[in-house]
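A.B. asks: Here are the chains, one letter per residue:
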Amino acid sequence: AQSVTQLGSHVSVSEGALVLLRCNYSSSVPPYLFWYVQYPNQGLQLLLKYTTGATLVKGINGFEAEFKKSETSFHLTKPSAHMSDAAEYFCAVTSSSNTGKLIFGQGTTLQVKP
Amino acid sequence: KAGVTQTPRYLIKTRGQQVTLSCSPISGHRSVSWYQQTPGQGLQFLFEYFSETQRNKGNFPGRFSGRQFSNSRSEMNVSTLELGDSALYLCASSVLAGVGSYEQYFGPGTRLTVT
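Residue numbers (the working numbering), protein chains in the order written: chain A, 229 to 342; chain B, 3 to 117.
There's no promise every hint is true.
Keeping only pairs whose Cα atoms sit at most 30 Å apart, straight-line, the calculated DSBU-like set for lysine-lysine is [what the hints assert, rightly or not]: (1) A:K297 - B:K59; (2) B:K3 - A:K286; (3) A:K277 - B:K3.
A short list of chain B residues far from chain A (calculated; beta carbon distances all over 12 Å) [to be verified]: (4) K3; (5) Q8; (6) P10; (7) T16; (8) T22; (9) S29; (10) S35; (11) E50; (12) F66; (13) N73; (14) E84; (15) L98.
Just so you have them, the derived chain A footprint on chain B, three or more residues with Cβ under 8 Å [stated by the list, open to error]: (16) 54-64; (17) 74-81.
It is worth saying that the hints were derived from the structure and are not from the lab. All C-beta atoms, glycine included, are put in the ideal place defined by N, C-alpha and C.
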């Protein structure tokens with residue numbers, strides 16, 4: 229079975245500050261990991277993914293995440309927050325044998341203060 | 003390339019009725035997955051279709067069903083609607099983007115309100 233835990237349902241940062249959104253996963257098989265962003269009244273937009281290869285992955289809008297197997301983590305970071313980053317962020321896990329089924333964390337709402 | 007499209011975008015139904023939602027995947031994507039999003043339960047997997055066959059199913063009652071057509075378009079149906087079925091229903095299409103690479107893209111969703 230697979231599961232995802234996102235630590236902190238709400239995170240607040242100042243504009244220009246570091247963004248760190250935490251995601252820990254549980255998986256009995258090698259995981260595929262994803263971060264999605266959702267703006268109000270919209271669907272989910274893929275930010276970045278880890279499937280195989282390089283453990284530090286870069287995504288859109290300046291976000292990146294590092295897959296750490298020993299810590300079962302896939303935290304999302306951005307060096308400098310922008311007001312437009314305010315949204316809800318979801319971490320998700322699947323595997324190569326189950327790719328059509330994403331298991332999501334509960335989400336983290338990012339607030340960016342001016 | 004056009005993204006995932008879902009119709010209708012908004013829907014209001016009465017308890018006991020049934021509803022059908024439609025999803026058109028990105029061209030070339032053969033897998034379509036459906037998810038339910040609610041404030042209380044978050045994002046939950048409903049089912050996945052690949053080449054017109056249900057390949058995976060989540061833990062939802064039999065009132066929730068789906069199908070996929072030969073052109074990969076998919077529909078989901080909810081019968082005997084309950085107030086708790088009010089949610090945003092998201093469709094996603096996916097593709098193996100290369101060896102060990104996989105991507106799933108979401109549509110804008112259908113907001114279903116049951117009164």
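A.B. asks: Hint by hint, note whether the structure agrees.
C.D. replies: Results for each hint:
1. A:K297 - B:K59: Measuring from Cα to Cα gives roughly 28 Å; hence the hint holds.
2. B:K3 - A:K286: Given pair B:K3, A:K286 holds - Cα atoms ~23 Å apart, limit 30 Å.
3. A:K277 - B:K3: OK: A:K277 and B:K3 at ~20 Å, within 30 Å.
4. K3: 14 Å, holds
5. Q8: 8 Å, violated
6. P10: 14 Å, holds
7. T16: 23 Å, holds
8. T22: 19 Å, holds
9. S29: Holds, since 17 Å exceeds 12 Å.
10. S35: 5 Å, violated
11. E50: Per Cβ check, B:E50 is inside 12 Å of chain A; nearest 3 Å; violated.
12. F66: Consistent with the label, B:F66 stays out of reach of chain A, its closest Cβ about 15 Å off (over 12 Å).
13. N73: Holds, because the least Cβ-Cβ distance between B:N73 and chain A comes to about 18 Å, which exceeds 12 Å.
14. E84: 23 Å, holds
15. L98: 7 Å, violated
16. 54-64: holds (count 3)
17. 74-81: This one is violated; 0 residues, fewer than the three required, reach chain A with a Cβ under 8 Å.
Hints 5, 10, 11, 15, 17 from the list above are not met by this structure, while the remaining hints are.
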